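Trainee: The listed protein sequences correspond, in order, to chains F and X. Mapping to numbering that gives the first Met the number 0: the first sequence position 13 is 12, numbers consecutive. Mapping to numbering that gives the first Met the number 0: the second sequence position 239 is 238, numbers consecutive.
What the hints contain is simulated information worked out from the structure, not anything from laboratory work. Every value quoted in this text rests on a predicted model; they were computed, and no experiment measured them. Any given hint could turn out to be false.
[What the hints assert, rightly or not] Mimicking DSS-like on lysine-lysine, the simulated pairs with C-alpha atoms at most 27 Å apart in a straight line are:
1) K206/X x K35/X
2) K23/F x K55/F
3) K213/X x K241/F
4) K241/F x K133/X
5) K144/X x K110/F
6) K241/F x K144/X
7) K113/F x K130/F
8) K265/F x K221/F
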Amino acid sequence: MILDSNTKVLIQGLGKDGSFQAQKAIEYGTNIVACVHPNKKGLLFENKIPYFETAKDAVKKTRANVGVIYVPAPFAMDAIIEQVDANLELIVCITEGIPVHDMIKVKNYMKGKKSRLIGPNCPGIIAPNLKIKIGIIPGNICKEGDVGLVSRSGTLTYEAISQIGEAGFGQSLCIGIGGDPIHGTSFIDALSYFEQDKNTKSIVLIGEIGGTKEQQAAEYIKTHISKPIVFTIAGTTAPKGKRMGHAGAVISGRMGLASEKIKALKEAGAHHSDDPSKIGETLKNIF
Amino acid sequence: MNLHEYQARDLLKKYNINFPVGEIGITPQEIFDISKKLGGEVVVKAQIHSGGRGKAGGVKLCSNPIEAKNFANNLLGKKIVTNQTDSEGVIVEKLLVTKKTIISREIYLSIVIDPDFESPVLIASSEGGTEIEKMAEETPDKITKIPFDPVLGAKPYELRKLISKLEIPKDSARDFNLLVNNLYRAFIETDSTLIEINPLIIDDNEKIVPLDCKINLDDDSYFRQKELFSLRDKNQENPIETRAKDFDLAYVKLDKGNVGCLVNGAGLAMATMDVTTKSGCFPANFLDVGGSTDKEKIKEAFRILVSDENVEYLLINLFAGIARADLIAKGVVEAAEETSFKLPIIVSMRGTNSEEGFDILNNSKLNIHIAKDLGHAASLLSEINKANK
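Work the whole structure out from these sequences, hints included.
Mentor: Set out below in structure tokens:
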């Protein structure tokens, strides 16, 4: 992943929520250099950040290398494609409710392109050591530290962050990969980054019911990850066949069950927090 | 959203996919008349949003119109419980009557979105007629998966191989190719997440005939598929779930729980259910009130939770990022006063304006138990539950 002191962020989608989050990100220390809106060219956001008509224009003038998207779901696919065309290295899409057929098109379009996508339907990423926050994770609950966190959830990620803090640790980087069945960055991408990252000493993984991504992560862990991992899987009590909020959180086959995911990750040597309120405690116990 | 079989048949007709002749009826007399018109020997099928209806007594082969009428008489207005519904079951309000077909073989065919291929895939098996779940367990070797390429669609060479594996009669190979391509076109154009033809049969003339079908639409495509979403049958849904949906709340009713859960965020809502179970109680529901939550929405969520007679305690777990805890607290207090709610409420509230939120709750007359975090909430719940029993 590419957050560092040169990270320059572009924001697309500055409605009520997008504007609020932009302000919070600036307060946290994030270097936001551009806003994109088709009708606001020449204006300034909060009297300081320039608006551009397109992402391409913004990148040309400001050298932004990371984009964040708060555009409403019907227009989010277009915003992602626009940012891919603007050659942004990292695109974080917060938007919830993008039709899955749109995400199929996005993923197909991104093949062979240099951009990495995080999300959609995710809380974004935050790097407390660098004071960079891209997305909606509250900055005040994070602490500087060396735990890498990857999660399919939003508020359960905050819960985990808070538990990690209370257990006496902090975070190197938190990545919310999102609750949609088709998404950009996967567990495996995040794990691979954490394994290589010198500032990450241990990893917390938050999975949930539905799909087989946790099992794939387990396979990857067996051969590629040497750092200790703590994990929890949300939805052990969820019924079959019902969408539990997230589009991806539906148990449609045996592999989607929490018990199957727990088994796979345990076999890969990861430490299970069987109670989602004991993630911090489990982390503490392995050190 | 699910479509009924008869709605799916009508929809697929526009894509040149034709099912055996049939009509829908809502009274026993109508079923009698349709059966007579179709020549007497018919299949009568309950139109419900659930699989497994055959085993649950919702499908019958009738040899004459009187038999069809009697079957309708016993079924219309009643609820069917299948292995896929909850214990209450779903109501039968419409019956589909189709002409009987001679089945020599049954094939399974569906298109779903596969998160691993990140594309739609065709799933086929020569062992049709049963649930795909069962096939995956019992005869996994017979299942073929073919991903659709966004540009090429289904590749002809892969379909050729499939046709030979499924032993489709030579004269029907072209029909099979057309069927797959038409299904794919329908799948894309309707924003479907599942189109299932089960079974696709080979009849006594060696022709392939789709017999039953199921379509699920992507709820997130509502903004561009309004016409299809107008086919929604609210009577097939749990009424509380429908009410929640109208307020943009993600709610799922669970069987026999005693703790009403009010949470923001889907992952945290699931985790809250899991923790509740560990405390010796059972969650009555999944409820995600969402991110940018306003007071009215919270009040409605509260009303929905307390309308469940099994609920003995409320567990409110909030981690306010975009949402503001004080507004949520206000909503809870107002709704509780409105419904004269007296039962214990365990609250864990963190994030934006949570201090103000606690003040509001503490100054109310509610039976509030404040927890400092999720784990503490679970132990409070456990203590209160023990003291109660």
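Trainee: Decide, hint by hint, whether the structure agrees.
Mentor: Going through the hints against the structure:
1. K206/X x K35/X: holds (25 Å)
2. K23/F x K55/F: holds (25 Å)
3. K213/X x K241/F: holds (17 Å)
4. K241/F x K133/X: holds (19 Å)
5. K144/X x K110/F: holds (22 Å)
6. K241/F x K144/X: At roughly 24 Å apart (the allowed maximum being 27 Å), K144/X and K241/F satisfy the hint.
7. K113/F x K130/F: Holds, because 25 Å separates the two Cα atoms, which is no more than 27 Å.
8. K265/F x K221/F: It holds: about 10 Å lies between the C-alpha atoms, which stays within 27 Å.
Violated hints for the displayed structure: none, as all numbered hints are satisfied.
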